[in-house]
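J.: Residue numbers (my numbering), protein chains in the order written: chain A, 1 to 339; chain B, 1 to 339; chain C, 1 to 339; chain D, 1 to 339.
Fair warning: there could be bad hints in the mix.
Okay, the calculated bits of chain D under chain C, using three or more residues with CB under 8 Å as the criterion [what the hints assert, rightly or not]:
#1 53 to 61
#2 93 to 103
#3 125 to 139
#4 165 to 175
Bear in mind the hints are in silico, worked out from the structure with no lab data behind them.
C-beta atoms are modelled at their ideal positions from N, C-alpha and C, and glycine is treated no differently.
Protein chains: 4
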Amino acid sequence: MIVVLKPNISKKDEAIVLKEIKKLGYQPHIMRGVQRTVIGAIGDERTHSSLEALTAFAGVESVMPVQKRYKLVSREAHQGNSTIKVGAEKTLIGGKKFQVMAGPCSVESESQLITTAKAVKAAGATILRGGAFKPRTSPYEFQGLGEKGLKMLAKARRETGLAIITELLSEEHAEMVAEYADILQIGARNAQNFQLLIAAAKTGKPVLLKRGLSMKVEEWLLAGEYVLANENPNLMFCERGIRTFETYTRNTLDLSTIPIIKKESHCPIVIDPSQGAGRADLVMAMCKGAVAMGADALLIEVHPNPSQALSDAAQQVTLEGFATLMEELKPFIAAAGRE
Amino acid sequence: MIVVLKPNISKKDEAIVLKEIKKLGYQPHIMRGVQRTVIGAIGDERTHSSLEALTAFAGVESVMPVQKRYKLVSREAHQGNSTIKVGAEKTLIGGKKFQVMAGPCSVESESQLITTAKAVKAAGATILRGGAFKPRTSPYEFQGLGEKGLKMLAKARRETGLAIITELLSEEHAEMVAEYADILQIGARNAQNFQLLIAAAKTGKPVLLKRGLSMKVEEWLLAGEYVLANENPNLMFCERGIRTFETYTRNTLDLSTIPIIKKESHCPIVIDPSQGAGRADLVMAMCKGAVAMGADALLIEVHPNPSQALSDAAQQVTLEGFATLMEELKPFIAAAGRE
Amino acid sequence: MIVVLKPNISKKDEAIVLKEIKKLGYQPHIMRGVQRTVIGAIGDERTHSSLEALTAFAGVESVMPVQKRYKLVSREAHQGNSTIKVGAEKTLIGGKKFQVMAGPCSVESESQLITTAKAVKAAGATILRGGAFKPRTSPYEFQGLGEKGLKMLAKARRETGLAIITELLSEEHAEMVAEYADILQIGARNAQNFQLLIAAAKTGKPVLLKRGLSMKVEEWLLAGEYVLANENPNLMFCERGIRTFETYTRNTLDLSTIPIIKKESHCPIVIDPSQGAGRADLVMAMCKGAVAMGADALLIEVHPNPSQALSDAAQQVTLEGFATLMEELKPFIAAAGRE
Amino acid sequence: MIVVLKPNISKKDEAIVLKEIKKLGYQPHIMRGVQRTVIGAIGDERTHSSLEALTAFAGVESVMPVQKRYKLVSREAHQGNSTIKVGAEKTLIGGKKFQVMAGPCSVESESQLITTAKAVKAAGATILRGGAFKPRTSPYEFQGLGEKGLKMLAKARRETGLAIITELLSEEHAEMVAEYADILQIGARNAQNFQLLIAAAKTGKPVLLKRGLSMKVEEWLLAGEYVLANENPNLMFCERGIRTFETYTRNTLDLSTIPIIKKESHCPIVIDPSQGAGRADLVMAMCKGAVAMGADALLIEVHPNPSQALSDAAQQVTLEGFATLMEELKPFIAAAGRE
């Protein structure tokens, strides 16, 4: 930690700060500058008490951390790229093959789901998405089919061989959802619901952690740290757009997270362009960008009849649209050196 | 709903849109403008299917809601100001008397808590705050004393008569926390954890709902709607700062929510200046502003020795600081016509 | 400056960094920590070259400034509160008397302006606002009356004795606008138009600098530094709301800037609740908060007939509304220890 | 325009609103819904007075525009893609050939500039960038070489044949800068400095308009409208990152603007990944994404010795880095169907 003292600090106040630094287990190192005195506090910031409390002292202007706060998810902890095996087919996420997860926002009926599953498989997707428990801004909106929806997902898996990703909304459902799903999705609104993260981690199933609407990269990595710290190494990050002042799109998809996550972490990075744009007509371009920038997978909302969808109608692409999309992505996947 | 058609829509596409509007239970009303045709879709937007799905149709440019999506929390549903009775003393929140909730960020020890409780009571606070379960950005930070902390809160209540507010973090703790607390606090990170909101509502205890870091007012009101829709009328909103680009303060306290919540809702509004500023030296001014603008209560972090605090040291005020604050607030409380 | 090295930096790269630090005129001071080595670079950061360039070196993880970048506007440069004398009446901004600047968004006609001027004076305002040059988002919107509007402002001053504040939009108008105005207003969109700031400073007239829509406090202070560095000491800051994700209000008025500017700078701080809220019905509460938090003045949009206004109709208060507002502010002005 | 009335509006107030709508030149069209009455006001919103003023009327809840406010920049005004011929070589921006503009953030010396110009040309760039007038957050930072820098740019053009893009900071420099430059750049901080936009337009030179730090897409298009409305058709938009809560990157590059500008406008779109990321190590991935998503050109900061740069050292790539970048982009340019 770096502790910056105020220009006019008294000798007595300085001594108190130094004493406190030692008491908290750090070794102080004084530098007297032109205007301010700065103290380097040497010690492991992740295990010692935080020195941030020092800002409560008279004479302390600011305290700046030096170390990164995440360990297990960090690239320093694991030099190579982690890969995650998903489902019975051992579909590999984070490897050379680029993966596509696709399916409806919500599971609405068996026919809707099976139709979509067959179509996305035919177009090249390897994982089926579909929400059985839906977090909705209003209590009066469709909240998902619950376990009935999970059973439909399991049936779609049996019929197509696709692995299943679905959202986990409640600690109380963790075991039940893990029984059906191959990947547990933690949604943006629950990205700092740490109890849910721990519950998801403990099922042992791979976890896809969406970025919260206003989550800084560091906070996202630290939320991921909750999964790895609970002994589940199978974590992937998923960028789905952040909240900004722009209203043209529902969210602002932050594609720069692809090189950033690759730099800071060994975990795979997945892009969700459907939530990111909130508009089906922007999904194609977003997907091309994500592939070119090095994403490991896409998570795309596909619906056989978007205008009839019970949720997020505006952002789901049609079955034909999805087939075209997969076709158009091919040269970019090749250019990115993926399969 | 208002459905705006694209300038060049074909007669056939227009007919499809009209048919769909009727099918969803609305009555269409066509207006042909200079550049665009606009359809007013008449029907109750809260109970009918949303027409948003129409944006998936060729020829539809945009769909705009007309009705407000919240009912039970709205000022239209209840013209007067709701008041909430808290604890054995029936402390009234939302009435003529201005209330102050104060105490440490985290419950750390019995002596820390009791010392603080006595001091804040002496200074005029009527409700004691203190976190027993703490949501922490990093898994390596202090996570709270759990039930042990709740027991300390109960003891502080017995000794001082102050009512207790504490955070509920997990659905699984709802019953336990409700046993000890007089008000359940839902934190900013869980403000759209709807399962937690439902669990809190069902305990029957008053609920204080903090605004999420990037929650729009409408979303906040709708999250509150989850509480009232689960048959718990005792809801208060708490503004604690939103996330913006500014880095001088930890968050940007949005005091305009005071007149806004008063206008849109009948529920009380509480201001948390400690989280809002993230710096003890700004808390005084924030409190004065909150009082003047019509807040019903304050939620202030107070610690006997902030620099030793296990969490959020920088933003907790001292016992003496709190006493001064309460003294300085008096003329503003009087100016605001409160007691 | 603090230079943080990467954990695995080679001896050779470290030597290169040290050499560069010396070359740029700083004295390096090495601290070897648990995970990382940190170098304190001692020297005056405001006059030496910035060390930020070091991030371009292999082995450098980050560079953190220690000093504040603003000098002349800082509280350290001038311990007391600066006051500004405005107009022939020497109206004092930043002194014990609380000042109110009021008037229409745009000068539209002589009768509109004179009517408003008389009414706001009667209600207690001491400075008349009114835009003659208007920055408009669209080229098809009303752009102001130009010099004709300035002449009307001068006439209103003659008839009422009120000082005049009006916006400066273009370097080329600086002399002309300064001839008529008592205070030059720099609008939010031009807050980092440094050429305009310099031109305004050079007229010698007091300058009111609005905060840009997404300007950090540090950037705002540095923009103000352009005024003082061009030998014009009569600078006041004006908060008018920042751009956030919230759409209920046009902007988010950041009232925390009042204690922040008071802490960091000696210059007066003015609050513009009309732009901040974008809605006349929120202006009253905003004004009360601003007064209570220690603002030196208010800048309020008032129009005799808001619905006929040529710009910003939604946010202008009526003449009667303004008189009521001034009346209701009195107890808060007294509580704040102002006149 | 759509005018939404409050649920409880009186017949008298409704009549007043209707009268006002007619007075402003619109034809009202009443729709009585379940909870609210909605009035469609038919007329050309771009030429008639805005009805927004109606929100000042008792009984009006909100007013929503239906038409788009931009005309000349819109895709509706011009179905094809506009192309812009730049410089003596008639380099075409917006055509099939993908263009790269590259060079130092600031022109610092003749040798720095000529070295860079030759290197970027050799690597495939066709336009040289370099700032002669620099807008700097602090008045104590390097402000550019001014006309001396322009002369160096002209010399570099003579020696390499590259066209020149440089920033215009001040209305007063418009003619001078236009004499040297082939493209005038309007920076992010001046993106709503409408006087500067008009001055730039009037030179007749092509204008590159950067997006402001917190500019909505609609505002950006309207700022561009100022250029076309001043009879300069040669406008290109340039995304350079917006300001968000994220602090890992200097700005958040919003690559979704590529498909959005392509959809809404006929003008070319250029991406500036250097400002967008603020870090040289993220530039490569950003460029790949921009190419894949359909950008027409890139604007990249390149410096022979970034750590010695007088501005923005952290984000400039080296000459070798740039050559590698251009090589790695090739397959993506091909995949995007460009040359």
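J.: Find the hints from earlier in the document that the structure breaks and name them by number, from lowest to highest.
T.: Violated: hint 2 alone.
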